[in-house]
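Given chain A's structure and the hints, the job is docking chain B onto it.
Heads up: the sequence lines are chains A and B, in that order. Oh and the first sequence: position 49 is 49 in this note's numbering, straight run, nothing missing. Oh and the second sequence: position 199 is 199 in this note's numbering, straight run, nothing missing.
Be careful, since some hints might not be right.
The calculated DSS-like cross-link candidates involving lysine-lysine, where the alpha carbons are at most 25 angstroms apart (straight line), are [unchecked claim]:
no.	chain 1	residue 1	chain 2	residue 2
1	A	K137	B	K178
2	A	K173	B	K178
3	A	K125	B	K228
4	A	K10	A	K48
5	B	K132	A	K161
6	A	K137	A	K125
7	B	K228	A	K82
8	B	K149	B	K121
9	B	K132	A	K119
10	B	K228	A	K173
11	B	K121	B	K132
12	A	K82	B	K184
13	A	K161	B	K184
14	A	K82	A	K48
15	B	K222	A	K137
16	A	K161	A	K137
Keep in mind the hints are simulated off the structure, nothing from the lab.
Spelled out, the chains give:
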Amino acid sequence: MLLDLSEEHKEHLAFLPRVDGAGKLNVSSDTVQHGVEGLTYLLTESSKLMISELDFQDSVFVLGFSEELNKLLLQLYLDNRKEIRTILNELAPDLPTYHSLEWRLDVQLASRSLRQQIKPAVTFKLHLNHNGDHSTKVLQTDPATLLHLVQQLEQALEEMKTNHCRRVVRNIK
Amino acid sequence: MARALPPPPPPPPRAACARPQQLSARRVSRGARVEGHGALTMELSESVQRGFQTLADPGSFDSNAFALLLRAAFQSLLDAQADEAVLDHPDLKHIDPVVLKYCHAAAATYILEAGKHRADKSTLSTFLEDCKFDRERIELFCTEYQNNKNSLESLLESIGRSLPHITDVSWRLEYQIKTNQLHKMYRPAYLVTLNVENTDSQSYPEISFSCNMEQLQDLVGKLKDASKSLERATQL
Chain A
1 MLLDLSEEHK EHLAFLPRVD GAGKLNVSSD TVQHGVEGLT YLLTESSKLM
51 ISELDFQDSV FVLGFSEELN KLLLQLYLDN RKEIRTILNE LAPDLPTYHS
101 LEWRLDVQLA SRSLRQQIKP AVTFKLHLNH NGDHSTKVLQ TDPATLLHLV
151 QQLEQALEEM KTNHCRRVVR NIK
Chain B
1 MARALPPPPP PPPRAACARP QQLSARRVSR GARVEGHGAL TMELSESVQR
51 GFQTLADPGS FDSNAFALLL RAAFQSLLDA QADEAVLDHP DLKHIDPVVL
101 KYCHAAAATY ILEAGKHRAD KSTLSTFLED CKFDRERIEL FCTEYQNNKN
151 SLESLLESIG RSLPHITDVS WRLEYQIKTN QLHKMYRPAY LVTLNVENTD
201 SQSYPEISFS CNMEQLQDLV GKLKDASKSL ERATQL
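Isolated chain A, as found in the complex:
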């Protein structure tokens, strides 16, 4: 799959070959900005679509750069692709993600309304991440519900091993 670069993009990127070895730029700040934006767009779009090396090279070819510059751009793409995709992933509509869980065993011995109790409970601190914010929730449950939670979530994990899920994963690529 080739990248579709508009005329505007090509124009912005045209500035790149003009950057000489010493790094001095004799151009306006606008041009520099456009150049950077163009480069950013090139890399993010390529990463988003996860285009192959060959496709990337072919897409860049239309810009008419030197082979050296083309090689450089390809390397830039391959080196940064994974990280760019990680960052793009965070832009998606999202729910808080699980970070970790702390737990504690408690036994209630008495309360204002009833003495001499033996009431076991498990207290949790659930750590979640959402858009960079870390939040915690303190929750409690009883032994029976705890067993139920374990059972339900183990079933969830088992699902991935079923034939149905395996087939989907194999065939959707």
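For chain B alone, kept in the frame of chain A given last:
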């Protein structure tokens, strides 16, 4: 135990209320301390004692009326649908409504205190004897108490504040293909929702979060650790 003050006059008729003032009962003056189970003592106010003294008196309450009032007291406390009408029995009509309510409140208050302190039969008997109950009425009271003990203790146990309580969990497994920001994702993801109950606000919020396979394995692993630890602790 010697009383420092003379007994006060009976309190004015209470506003229509089947439920007496329970755990934070207004005390007219310090009444007797009743030795409970072990070192625990129950604090019982003057009005509770006077109520029971009246209940002991066959002139104020004949056997049938006593049994009915006793049953009404337990009903008011334990039956969620109970209301004012619990004292509206034909066999109680002949008794002054003020006295009826007073004694009903005294009985209910004592029942709650006894439940709270897990009073045993001897504690109950001792108190009732001090209030001049005859053997038959003591037996009846103890039997009724025994019959309702479990419900009473359940009720008392459920009163109080606690952390948000997890009641259930739902999960969803999805296979992520693409977003408008990222194509060719091809990975499974879980969405987990915990159903939570808040005891005081009676609200039922949900806590939802997503996780990948590894994270869910971590979560399940930790839950299993907690569960095993609980099992070991309860075997001690």
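We went through each hint and held it up to the structure:
In summary, the hint linking K137(A) to K178(B) is not supported, as the alpha carbons are separated by about 30 angstroms, beyond the 25 angstroms threshold. Among the hinted pairs, K173(A) with K178(B) is consistent with the structure: their alpha-carbon atoms are about 11 angstroms apart, no more than 25 angstroms. Among the hinted pairs, K125(A) with K228(B) is consistent with the structure: their alpha-carbon atoms are about 18 angstroms apart, no more than 25 angstroms. Distance restraint check for K10(A) and K48(A): the Cα-Cα separation of roughly 19 angstroms lies within the 25 angstroms cut-off, and the hinted pair is therefore satisfied.
The hinted pair formed by K132(B) and K161(A) fails the criterion: a straight-line CA distance of about 73 angstroms is larger than 25 angstroms. Between the alpha carbons of K137(A) and K125(A) the distance comes to roughly 6 angstroms, so the proposed pair stays at or under 25 angstroms and holds. Pair hint K228(B) plus K82(A) does not hold up; C-alpha atoms about 40 angstroms apart against a cutoff of 25 angstroms. Restraint check for K149(B) and K121(B): the C-alpha separation of about 11 angstroms stays at or below 25 angstroms, so the hint holds.
As the CA atoms of K132(B) and K119(A) are separated by approximately 38 angstroms, the hinted pair breaks the 25 angstroms bound. Distance check on the hinted pair: K228(B) and K173(A) sit about 41 angstroms apart at the alpha-carbon level, beyond 25 angstroms; violated. A hinted pair counts as satisfied when its Cα atoms are at most 25 angstroms apart, and K121(B) with K132(B) qualifies at roughly 16 angstroms. Between K82(A) and K184(B) the CA atoms are separated by roughly 13 angstroms; this keeps the pair inside 25 angstroms, and the hint holds.
About 22 angstroms separates the Cα atoms of K161(A) and K184(B), which keeps this hinted pair within 25 angstroms; it holds. For a cut-off of 25 angstroms, the pair hint linking K82(A) to K48(A) stands: about 10 angstroms separates their Cα positions. A hinted pair counts as satisfied when its Cα atoms are at most 25 angstroms apart, and K222(B) with K137(A) qualifies at roughly 16 angstroms. The suggested pairing of K161(A) with K137(A) is violated, with an alpha-carbon distance near 31 angstroms, which exceeds 25 angstroms.
Violation of the numbered hints given earlier is confined to hints 1, 5, 7, 9, 10, 16; the remaining hints are satisfied by the structure.
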